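Trainee: Here is how the chains run, residue by residue.
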Amino acid sequence: MSKDAQKTPYNPPALEFKSSTFSVPVLVIASNDLLIIEQQLQAKVLLAPEFFKNSPLVLDVQELNKQSVDVDVVAVIEVIRKLGLLPIGIRGGNARQNEQATTLGIPLHSIHTSSTTIDAKKPKTPTPEPETKDLLQTGTTVITHPIRSGQRVYAAGDLVIIAQVSAGTEILAEGNIHVYGTLRGRALAGVQGNTEARIFCSDLQAELISIAGNYKISEDLSQNIRNTPVQIYLDKQTLVIKEI
Amino acid sequence: MARIIVVTSGKGGVGKTTTSAAIAMGLAKKGHKTAVIDFDVGLRNLDLIMGCERRVVYDFINVINGEASLNQALIKDKNCNLLYILAASQTRDKDALSQEGVGKVLDDLSKDFKYIICDSPAGIERGAHLAMYFADDAFVVTNPEVSSVRDSDRMLGILSSKSRRAEQNKEPIKEYLLLTRYSPERVKLGEMLSVEDVQEILSLHLLGVVPESKSVLNASNSGIPVILDEKSDAGQAYADIVARYLGENKPHRFIDDKKGFFGKLFGGK
Ligand SMILES: Nc1ncnc2c1ncn2[C@@H]1O[C@H](COP(=O)(O)OP(=O)(O)OP(=O)(O)O)[C@@H](O)[C@H]1O
Ligand SMILES: [Mg+2]
Numbered sequence: 001m002s003k004d005a006q007k008t009p010y011n012p013p014a015l016e017f018k019s020s021t022f023s024v025p026v027l028v029i030a031s032n033d034l035l036i037i038e039q040q041l042q043a044k045v046l047l048a049p050e051f052f053k054n055s056p057l058v059l060d061v062q063e064l065n066k067q068s069v070d071v072d073v074v075a076v077i078e079v080i081r082k083l084g085l086l087p088i089g090i091r092g093g094n095a096r097q098n099e100q101a102t103t104l105g106i107p108l109h110s111i112h113t114s115s116t117t118i119d120a121k122k123p124k125t126p127t128p129e130p131e132t133k134d135l136l137q138t139g140t141t142v143i144t145h146p147i148r149s150g151q152r153v154y155a156a157g158d159l160v161i162i163a164q165v166s167a168g169t170e171i172l173a174e175g176n177i178h179v180y181g182t183l184r185g186r187a188l189a190g191v192q193g194n195t196e197a198r199i200f201c202s203d204l205q206a207e208l209i210s211i212a213g214n215y216k217i218s219e220d221l222s223q224n225i226r227n228t229p230v231q232i233y234l235d236k237q238t239l240v241i242k243e244i
Numbered sequence: 001m002a003r004i005i006v007v008t009s010g011k012g013g014v015g016k017t018t019t020s021a022a023i024a025m026g027l028a029k030k031g032h033k034t035a036v037i038d039f040d041v042g043l044r045n046l047d048l049i050m051g052c053e054r055r056v057v058y059d060f061i062n063v064i065n066g067e068a069s070l071n072q073a074l075i076k077d078k079n080c081n082l083l084y085i086l087a088a089s090q091t092r093d094k095d096a097l098s099q100e101g102v103g104k105v106l107d108d109l110s111k112d113f114k115y116i117i118c119d120s121p122a123g124i125e126r127g128a129h130l131a132m133y134f135a136d137d138a139f140v141v142t143n144p145e146v147s148s149v150r151d152s153d154r155m156l157g158i159l160s161s162k163s164r165r166a167e168q169n170k171e172p173i174k175e176y177l178l179l180t181r182y183s184p185e186r187v188k189l190g191e192m193l194s195v196e197d198v199q200e201i202l203s204l205h206l207l208g209v210v211p212e213s214k215s216v217l218n219a220s221n222s223g224i225p226v227i228l229d230e231k232s233d234a235g236q237a238y239a240d241i242v243a244r245y246l247g248e249n250k251p252h253r254f255i256d257d258k259k260g261f262f263g264k265l266f267g268g269k
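Those sequence lines, one after another, are chains X and D.
Position one of the first sequence corresponds to residue 1 (my numbering), numbered consecutively onward.
Position one of the second sequence corresponds to residue 1 (my numbering), numbered consecutively onward.
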């Protein structure tokens, strides 16, 4: 192989740098209790195991540092890896935490770069918005074909599906989910923690519905809201399902 | 250019091979040169249903491996001279099928044939994947029960995302629903899903309903595709399906209980 390459007169470059933007989940921790972190993270992973399996993730410790709560970054990263996620960055850390992360081969991300890139996509005069909202306005994904058993869809912003969503599927959005058709699969809105996210569907027969990690399984759905058009939202950590 | 039809289901034993044999014979009888290929390597039985098991010299894998030419391996059907069978190997393992090899055989067949029917093995593994990968049309064979419907749904997802047409961003595979082993009596008793139930779940164009019928077993025992048993209900159902596929307008049959009239007279709803 390499011998052949040497013979050819034209040698195209073997590499090239390109600039690319990725959407990666950010894990914001608000506690330094490793046990609690592990339990709660595991619960989230169980909600969408296929999605989280080997998923890259950035660890955000800014909240804790704001409150001057110290956390053992090395141990947290160990927990994350144990649950099958792949930490690829840390942000909001103090000097010692950053050094620990770097020793583990985990790059540092600054908080500002991420919000400026998102601002740049917006119209010229960006209206100041609370930060959570800001991170969630990433556009709408529209799908017009049925989502079939075994398929998974992830949208960084809102997700609109103008077809049915079969049993045995998983649809996830960081924003709202709209299904103009029968929803029989698992629908998870606000998967990055947006508690304002909602789910709308024209016929609710879902296996599971979740908003920002607060979920209900099929068994818990009362009969009178099944097979009807509904909207689902969070009211103080409680899922509310209302007929439209 | 041939039209490639995959007969697929996900779930096993729902009637794919029965359907492949019947459809292939039906298309050939209508005057179209047709080849039917058994993708079920290791478990061949299309040749049994076609009644040509004692005439297999070379098989699909031999052709892929270049050990035989297509002309040597194609078996001419004893009932219809426009129909040819490419048998699966019983002795090889599934890895012998390669995407390249399958593509090459289908390309070669396309030059000479009008329709190519691919009888898929059950499951969603390699054999099933290769059977559907090059398809233009998919006949999704489903039995009226929940697990079969679920597997068909899964297969539809794969058809729409993992096929050559999907990968090359071409017009998607045309998908048709064939509801087989349908028993109106059992639907009535609530033991089976109804046509409406299945269509509601899959929302797919219904090409036809094939009733549960003893004629299917009789036909496969005598090695003659059931469509040639023109008096049988299943044979007629398959003839309707072929006609509809070719664009004829045929009302659906075999959906209602034959005893429906008396059922209505004496009680029931
Ligand atoms: N309409 C029908 N009425 C009665 N029996 C049927 C009918 N269709 C198929 N069968 C029977 O069901 C069994 C399975 O049929 P067949 O081999 O065609 O299924 P298949 O989907 O090809 O199976 P596999 O997944 O193993 O390849 C056979 O015994 C066949 O005779
Ligand atoms: Mg078969």
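The hints are simulated quantities; they were obtained by calculation from the structure and are not laboratory data.
Remember, it's a predicted structure, so these values are computed and weren't measured experimentally.
The beta carbon of each residue, even a glycine, is placed where N, CA and C say it ideally should be.
A portion of the hints provided could be inaccurate.
Unchecked claim - Okay, the calculated beta carbon distance ranges per label pair:
hint, chain 1, residue 1, chain 2, residue 2, range
1, X, 223, D, 123, 45 to 51 Å
2, X, 31, D, 12, 48 to 54 Å
3, X, 39, D, 253, 55 to 61 Å
4, D, 189, X, 36, 35 to 41 Å
5, D, 221, X, 223, 47 to 53 Å
6, X, 13, D, 31, 31 to 37 Å
7, X, 16, D, 172, 29 to 35 Å
8, D, 67, X, 142, 24 to 30 Å
9, X, 94, D, 123, 52 to 58 Å
As the list claims (entries may be wrong) - Derived, one-sided and incomplete: chain D residues facing chain X with beta-carbon distance under 7 Å:
hint, residue
10, 154
11, 156
12, 157
13, 170
14, 171
15, 203
As the list claims (entries may be wrong) - Some chain X residues well away from chain D (every beta-carbon gap over 10 Å; in silico):
hint, residue
16, 65
17, 184
18, 212
Trainee: All hints are to be evaluated individually against the structure, with a verdict given for each.
Mentor: The hints, checked one at a time:
1. X/223 to D/123: 45 to 51 Å: Once the Cβ atoms are compared, 36 Å apart, the range 45 to 51 Å for residue 123 of chain D and residue 223 of chain X is violated.
2. X/31 to D/12: 48 to 54 Å: 50 Å, holds
3. X/39 to D/253: 55 to 61 Å: 59 Å, holds
4. D/189 to X/36: 35 to 41 Å: At 53 Å between Cβs, range violated.
5. D/221 to X/223: 47 to 53 Å: Roughly 49 Å apart at Cβ, these two residues keep to the hinted range, so it holds.
6. X/13 to D/31: 31 to 37 Å: 57 Å, violated
7. X/16 to D/172: 29 to 35 Å: Hint holds: Cβ distance 34 Å, inside 29 to 35 Å.
8. D/67 to X/142: 24 to 30 Å: Hint violated: Cβ distance 50 Å, outside 24 to 30 Å.
9. X/94 to D/123: 52 to 58 Å: 53 Å, holds
10. 154: 4 Å, holds
11. 156: 5 Å, holds
12. 157: Constraint on residue 157 of chain D satisfied, holds at 3 Å.
13. 170: At 15 Å from the nearest chain X Cβ, residue 170 of chain D fails the 7 Å test, so the hint is violated.
14. 171: 13 Å, violated
15. 203: 6 Å, holds
16. 65: 43 Å, holds
17. 184: 8 Å, violated
18. 212: 27 Å, holds
The structure is inconsistent with the numbered hints 1, 4, 6, 8, 13, 14, 17, although it conforms to all the rest.
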